[in-house]
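Residue numbers for the sequence shown follow my numbering, so the first one is 399 and each next one is one higher.
The set of hints was computed from the structure by calculation and includes no laboratory data. Since we're looking at a predicted model, the values are computed, not measured. Virtual Cβ for every residue (Gly too), placed ideally from N, Cα, C. Hints may be right or wrong, so weigh each one.
[Claimed, not checked] The calculated label-pair distances, taken between Cβ atoms and stated as ranges, are:
1. A949 x F899: 17 to 23 Å
2. V799 x F973: 43 to 49 Å
3. K530 x H457: 28 to 34 Å
4. P585 x K530: 30 to 36 Å
5. G444 x T466: 29 to 35 Å
6. M991 x A949: 20 to 26 Å
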Amino acid sequence: MSVRLLWLGLLHISLSALWKVADAQAAFTIDQVTLTVFPGNDVASGTNVILRCEAKVSHSHPQPLTYTFSFLLDDQVTYSKNISDSVVERGLSPARVSNSGHYQCTVRVFDKIKTSNSQALKVTGLQVPMLKVKNDIVSEGDNIIATCSAPEETGSMFFFFYEGNQEVKRVKSAFNTVTTTLAMQKPKNICLHCNYMVLMHPTAGISNKSNAVNVTVQGLEITPQISISPKVNFVEGDRVQISCKAQNHSDLELFLTKGNTVLHKLHTTFMHSLTVRAEDSGEYVCKAEKGSVQKTAIYRLNVTELFSKPILRMSPGQVFEGEQFTLTCSSAVSSQEKIKKVDIKYALWKEDRHISSGANYSATASPATNGKYSCMAVAKGVNKTSQPLHSKAKVPVSYPVIRAVEKVIVGRPFKVLCEAENGTLPITYTLLKDHVPVDEKRAEAAQKALFSINSISHPDEIYRFTCQAHNQGPSIRKSSQFLRADVIVPVSKPVLVPQDFTITEGLDLTLICTVQKGTFPITYTWYHKSDMIPFSTQEVRSLEGRYTVKAIERDQRGDYYCEASNYDTEIKRSFSARIGVSLAVWKKALIGMFCILLLVAIAIVLTVFLKKMSKPRIKKQATELSVKPSRPKSGDPMRMSLTLDIEDNTALNGTPCVMGRNVWSEHVSGSDSDDHTDEDSRLVQPQEVDLSREVPVKKSIEPEYSGQHTEVQVSTPGVSEQAEGQAALEYAQLNNSEQEPA
């Protein structure tokens, strides 16, 4: 059997799994969800309204689908239902104003949800409320318990209660009914009614008035009465009886009051007894109270003084520590027929301690006597206490101290403080210079006074100031010591003195900035052409500051100046000093060499220029051809001297400059020729030809000179040696060619 059950369970599980798989594999879609309101969207209150929601779903599921319908009012779910049908209805029977709003419905199938269109439902008209009261006859001061209800309405409401046309109360309720209490203060007949408003739909307005309820408020007979005995002229010390009574009622309270003070309280008639004093004069009230109802009776009591309230006086009115003072207590007799002045006894008190049994008390003022004093006068059992007298002995002013509260700088205003450590306010302070008052101030709140001094012209002037203080008239004054303070002397205009006004480049330049006066330390700063020299600021305790420009350069020449200051005083600036920086020695030598080379170059250029200017004259002389016969020798043939004009090589200097010279020579040295330097000319001599040898005759266009020795000398002044050598070489070649046999 158990095995069969096991198989059945396994079969059920398998079928369920298959069913779920089939469900998962089934296809469906929600086509449309429609919400319809019957009979319409605008209905009157009390109409039966039906909300119909229909879903259209396309699916391939073999089994019917399960639909979850939800109805929403203003996005809040009001009703839900799971069914297998695709249509569901929701009834509002009957519909009320609280059902008004925007409705929608949603349909859920498995994991898909679709929402319908929105439909607005407006329900007009409110139910007429109903008013009830617990008792229609109440006593004065009792509360009326009233209930207003609209049983067919729903939602939170405001209920309004009226007495006639006057609203007397409004109450908020989460339900369609409310019960409240209405207090009636005066006896009368009243007519009550109520209405309401739905909080969620204020546009629906206020309902019509409920039914009217008449209530009678009856008056209370609780009029109180007050009386005082014995009925005579009352004088302080008399004993009086005050009676307060009223009719007996349940929950009745009787009060006897004077001003805001309750003297006695009871639920029935009572008597109150007291020994009267002058301050007991006034109105006494007997008050009867039941619920919220109050009724009163008043009696005015006048009490004549037996003696006046004592007064405590101190003589003198202001006393300083160490001085004598006297306290006196006195009172005046008001009823001469009752007592005499000697019947009044006095006692003096300090705080809560009795100090004297008489009307007078004397002591020496000190901190121990400071405090609150009072006195008491007693006669015929009546005692009166004076107003308290606060006594505090004044403290004589101590010797003041004068000091500067800020930096004292010569030529500038500053402030000094005069202060006394002890002394009762007010204290009068006087500032003096050379014992002559210059200013006075009265200190009311603090034991010090601040004075302003325009300036001092030199440091020693600070010691001429003192101050005085007094707080009890001009007879006693306390003087301070002379003012002592550090006085700052501003620096004078600085002077910049350079070590040299002209310095060689590469050397160190020392700038010295000096002032004639000034309180140490003094801050010096150096500037070059209005620009502060970096890291040049220095603070020294000297009237002289030094700054060294290391390895000065040419671009560091120009104007230098310095500034000096101390203690945040005015910054003083010196006049400028112009520093010149000359070149270094090696630069001078280099420039000198350059100048020499420049001069040499200029000289060479000038020499060349002058030689070129003299060439035209030399060229003119070179054009002349001179032929001279040589000195005849026996057996020697005639010699012919030929002067050839040779053009300078224009490629060398671009200017024709060739000069020729005619000479006859017999193997003479160059000394026989015209005087010329080796640089200006060079002599070329051909070899002699032996005439005995047969010389072949060479045909040439040049003229032939038989048995002749020809010597040609070329001189070209002003032309380079290269040009002259070239000309001599050309002549030698010509001469050699002539000597060859024809």
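Tested hints:
1. For the hinted restraint 17 to 23 Å between A949 and F899, the CB-CB distance of approximately 18 Å keeps it satisfied.
2. Checking the proposed 43 to 49 Å range against V799 and F973 shows it holds: the Cβ atoms sit about 46 Å from each other.
3. Taken as a hint, the range 28 to 34 Å is violated for the pair K530 and H457, whose Cβ atoms sit roughly 59 Å apart.
4. For P585 paired with K530, a C-beta distance near 23 Å fails the hint of 30 to 36 Å.
5. Checked against the hint of 29 to 35 Å, the pair G444 and T466 passes, with Cβ atoms roughly 32 Å apart.
6. Between M991 and A949 the CB atoms are about 25 Å apart, so this pair conforms to the stated range of 20 to 26 Å.
Of the numbered hints listed earlier, those contradicted by the structure are 3 and 4.
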